[in-house]
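> If you read the protein sequences in the order shown, they are chains A and B.
Note that numbering that gives the first Met the number 0 numbers the first sequence so that position 143 is 142, with each residue one more than the last.
Note that numbering that gives the first Met the number 0 numbers the second sequence so that position 55 is 54, with each residue one more than the last.
Honestly, the hints are just simulated from the structure, not real lab data.
Quantities reported herein were computed from a predicted structural model and do not represent experimental measurements.
Possibly wrong hints are sitting among the right ones.
[As the list claims (entries may be wrong)] Pulled a few chain B residues facing chain A out of the computed Cβ check, cut under 7 Å:
no.	residue
1	Ala29
2	Thr35
3	Ser39
4	Phe224
[What the hints assert, rightly or not] Covered, in the sense of this in silico footprint (three residues per stretch, anywhere, with C-beta under 8 Å from a C-beta of chain A), are these stretches of chain B:
no.	region
5	40-50
6	106-118
For glycine and all other residues, C-beta sits at the position ideal for the given N, C-alpha and C.
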Amino acid sequence: MILLTGLTKRYGETTAVRDLSLRVESGKVTGFLGPNGAGKSTTMRMILGLDRPTSGTALIGGRPYATLPHPLREVGALLDAKAAHPGRCARSHLKAMARSNGIPGARVETVLDTVGLSEVAGKRTGTFSLGMGQRLGIAGALLGDPRVLMFDEPVNGLDPDGVRWVRELMRSLAAEGRTVFVSSHLMSEMQQTADRLVIIGKGRLLADAPIAEVLASSSRNTVKVRSPHPAALSRLRDRLTAGHAEQPSPGELIVTDVPVERVGELAHEEGVPLHELTARKASLEQAYMELTADSVEYAAPGGGRT
Amino acid sequence: MISPSATTPSLPSVPASRRRSFDNGGLPGAMAAEWTKTWSVRSTWWSLLTALLLMAATAAQLGIYTTDTNTNTDPTDDKGIVAASEIAIQAIDLAQFAVIALAMLAITVEYSAGTIRATLQWMPRRAWMLMAKTAVVACVTFGAGVLMGAVGAAVGAAILGRWRSFSFAGTARDLLTIGLYLALICMFTLGVGTALRSAVGTLTSVFLFLTIIPASLQNSNITFFERISDALPGVAGARFLRGATDPYPPIVGLLILAVWAVAALAGGYAVLRRRDA
Ligand SMILES: Nc1ncnc2c1ncn2[C@@H]1O[C@H](COP(=O)(O)OP(=O)(O)O)[C@@H](O)[C@H]1O
Ligand SMILES: [Mg+2]
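Throw the hints in and build the complete structure from the sequences for me.
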């Protein structure tokens with residue numbers, strides 16, 4: 000379990016992470032989502048004691064990372080695909096890593112096999128593609144068979160097969176009861192993987208909830224009503240003062256924030272002949288866009304996103 | 000084509016009983032990791048090979064010079080009988096820089112290659128990480144010093160011929176002296192590198208401290224500056240190395256050099272502890 004309390008990090012003028020409090024539970028995949036520059040990597044570095052928080056604390060199982068006697072046996076982390084010296088072969092890299100935490104050498108071959116790097120284990124990592132470097136990083140995260148795993152943008156540079164494999168890996172690690180905390184700047188990656196979402200923008204916590212709740216809270220949950228009687232439709236629109244109803248064309252009404260059942264009842268009361276009554280769920284992508292709209296560091300000029 | 004194993008990627012868990020049985024890690028684990036890291040990159044082997052070649056070449060040149068002065072027509076420059084290991088001690092002045100490069104790379108490459116975050120992730124206790132590096136650098140460079148001494152003495156002995164003296168005890172003492180000197184100089188370098196993080200900065204600073212500054216202070220012919228130069232690591236180290244007795248005995252030279260090494264490491268640690276990785 001990872002517990003962040005009031006975690007804040009400033010680099011000079013920039014506040015990379017602002018008063019972040021968070022609890023990452025075991026047995027789940029927690030997606031850590033935010034646009035580029037939101038502070039995800041900084042947060043992960045602070046959890047690992049690499050960057051010193053300006054204020055606040057980050058604890059793993061109740062202890063700061065740096066005080067863990069065998070950190071790699073408790074926390075596995077993939078931070079950067081370039082974590083290995085380019086002149087060292089993959090096997091030596093993992094061997095040194097294993098020795099640092101008293102992990103048996105046999106684990107090196109096991110994790111090399113798990114990530115599919117056995118055949119190139121003797122090659123210098125400088126010759127690796129981005130995807131192979133990413134796999135080596137994942138092998139390192141798994142090396143100590145840890146209860147807590149963190150992955151910073153793990154699918155960067157992976158081909159579609161690799162992406163699917165990473166997804167399955169996350170799911171199976173969580174199914175074994177481990178804590179899995181994985182960052183991404185793309186909602187589409189999280190949609191099929193995460194149980195819970197933590198969304199940040201400009202270093203601030205925007206949402207921390209199960210996926211379903213993030214969806215439900217989106218204002219994009221709409222009901223579409225079509226009718227051949229524009230006048231009746233206008234009457235219905237006027238009844239919906241509580242929600243927001245728009246009539247983009249005479250025969251169509253888009254209702255926001257009103258349950259589809261209620262819209263149906265009102266339509267019946269007003270005697271509106273219906274050709275269509277559909278509840279449209281917001282996609283997570285939309286919910287995410289909405290949440291982070293104000294906090295994108297480098298927005299396209301003119302806010303050109305739809 | 001590299002593809003991950005098709006089976007589900009779940010890991011066989013290590014049974015609890017075995018978990019306890021491989022319980023070392025900690026500082027010994029950190030040292031073992033640094034040891035493995037040292038020998039698994041080519042730069043280590045290149046540095047050592049370069050050091051040995053430099054030593055052999057310099058020793059040969061000094062040996063030839065000695066026999067020349069003894070056999071030329073000018074009797075005033077005669078060196079007479081010279082201990083074979085004395086040649087090695089003189090030759091270390093130049094050859095040491097290949098070993099210093101090795102010590103420097105032990106830390107600066109972590110910053111240039113971006114592996115420092117991984118290293119500190121494995122060994123988050125920064126004092127232990129630096130202690131482990133120090134121990135490995137000291138061991139490797141001490142060994143390198145002894146080996147270089149042996150090569151230098153062997154080359155020297157071969158070339159000196161009838162102008163050679165050799166005693167087992169004397170040679171052994173000289174080889175240990177070279178090893179100790181080099182280990183301390185390299186610990187000093189490691190400390191400077193930890194504080195500065197950049198290879199160029201480190202090499203420049205070490206070169207300044209060992210060579211340039213003492214040379215300019217001594218050339219000033221001002222007693223005050225000469226006294227200062229006596230306290231610098233390069234000069235103190237050279238006094239220890241050559242068994243000089245003036246202005247202080249070799250053991251004091253050793254102590255001064257050791258103080259510099261510890262001070263540089265303490266400075267490096269102060270930076271390492273405070274700054275983000
Ligand atoms: N070492 C650093 N020095 C200065 N600024 C930094 C440093 N690391 C990150 N930042 C800044 O902090 C912000 C958050 O960055 P980061 O944590 O990398 O975001 P993310 O991983 O979500 O893309 C960015 O504005 C970035 O420029
Ligand atoms: Mg990032």
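> Indicate, hint by hint, whether the structure satisfies it.
Cross-check of the supplied hints:
1. Ala29: Hint on B/Ala29: holds, closest Cβ of chain A at ~6 Å, below 7 Å.
2. Thr35: B/Thr35 check passes; min Cβ-Cβ to chain A is 4 Å, inside 7 Å.
3. Ser39: Cβ of B/Ser39 sits 4 Å from chain A, so the hint holds.
4. Phe224: 41 Å, violated
5. 40-50: With 3 residues closer than 8 Å to chain A, the region 40-50 of chain B meets the three-residue bar; holds.
6. 106-118: Holds: 6 residues of the region 106-118 of chain B have a Cβ under 8 Å from chain A.
Taken one by one, the earlier hints fail for this structure only at number 4.
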